[in-house]
Amino acid sequence: MRAQVEYANEIRLTPDSLCITLARGQDSTLYVEVLNAGLAQLLYEIPQDGSSLNSTIDVLALRRPMAFTQPFSILRDSSVSVTEVQSIPAEPGALNQYELLLFPREDLTEPWTYAAWAGAIYEFIQAGGGVLFLGRPYGDIMSIISAMSGYYYPYISSGDTSIQILQESGHPIMAGVDFPLQPIPTLFGISYGNVSENFHQIVSEGSSTALLAYEYNGDGRAAFLGYDYKESIVNIRRLLLNATRWLSGKQFPNWLSVGQSGRYAGRI
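Quick note on numbering: our numbering labels position 232 of the sequence shown as 223, and the sequence is numbered without any gaps.
Read the hints as simulated data drawn from the structure, not as lab findings.
Just to be clear, a hint being listed does not mean it is correct.
[Stated by the list, open to error] Pair by pair, the computed Cβ-Cβ distance ranges are: (1) Arg3 to Ile156: 47 to 53 Å; (2) Arg3 to Thr177: 55 to 61 Å; (3) Pro6 to Glu222: 49 to 55 Å.
Glycine included, each C-beta is placed from N, C-alpha and C at the ideal position.
Model the full assembly from the supplied sequences, consistent with the hints where possible.
Written out as structure tokens, the structure reads:
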């Protein structure tokens, strides 16, 4: 918390510091009392970001000949840095400058072309990087490049929004996004089998089809989003930006709930 009064020693914090360690999936609530011990009005601010969150997100996007490239423009319009390549660099350290690898929908591609990149991508995710697949993943590239486990089969969504299930309503990727997801004009899904316990559906169609899903992998994570971005509307643009921020780790942590900034003359 940042605060300002006429004299710094007029601010009292109880306790004066907090330290907590949580395993994934755990939560806790901590309280801090902020006391204005002076006569002047206390101005306080709860920052929703930090130095790492204010920096530019660096995305490396695969642009093969048949790739759907509108997602690149959408991200650039949101001040995300997008570097386009036709091949993922496999040299040691070549991916260190990026937070996210983006695989847009592409057609007529031999999926085993991707196998040569599997080692570099696996190391990237294990070290904390993010990977995002959009639209119809061609073949089984998600498991071929070691980004996600299991076996995945792409299909076209039925378009029946009444059978969509919101599995994780509070997930940051869904922040500000209307539910159910709109099939405009096509929403893709993946059926899956033999997946790890780290695989999570955010939105599903039926019991074994994911329209929006992610998987933890080492210190990083990979996600699938069923839009190919042939069209661009507010709802699906927001999904793309939310996913980019969450996978890159550059967002206000969804597990941290705090009050709002403002003015107060007593205890906050």
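Going down the list of hints, with the structure as the test:
A C-beta distance of roughly 48 Å is found between Arg3 and Ile156, which places it inside the suggested range of 47 to 53 Å. A C-beta distance of roughly 58 Å is found between Arg3 and Thr177, which places it inside the suggested range of 55 to 61 Å. Checked against the hint of 49 to 55 Å, the pair Pro6 and Glu222 passes, with Cβ atoms roughly 51 Å apart.
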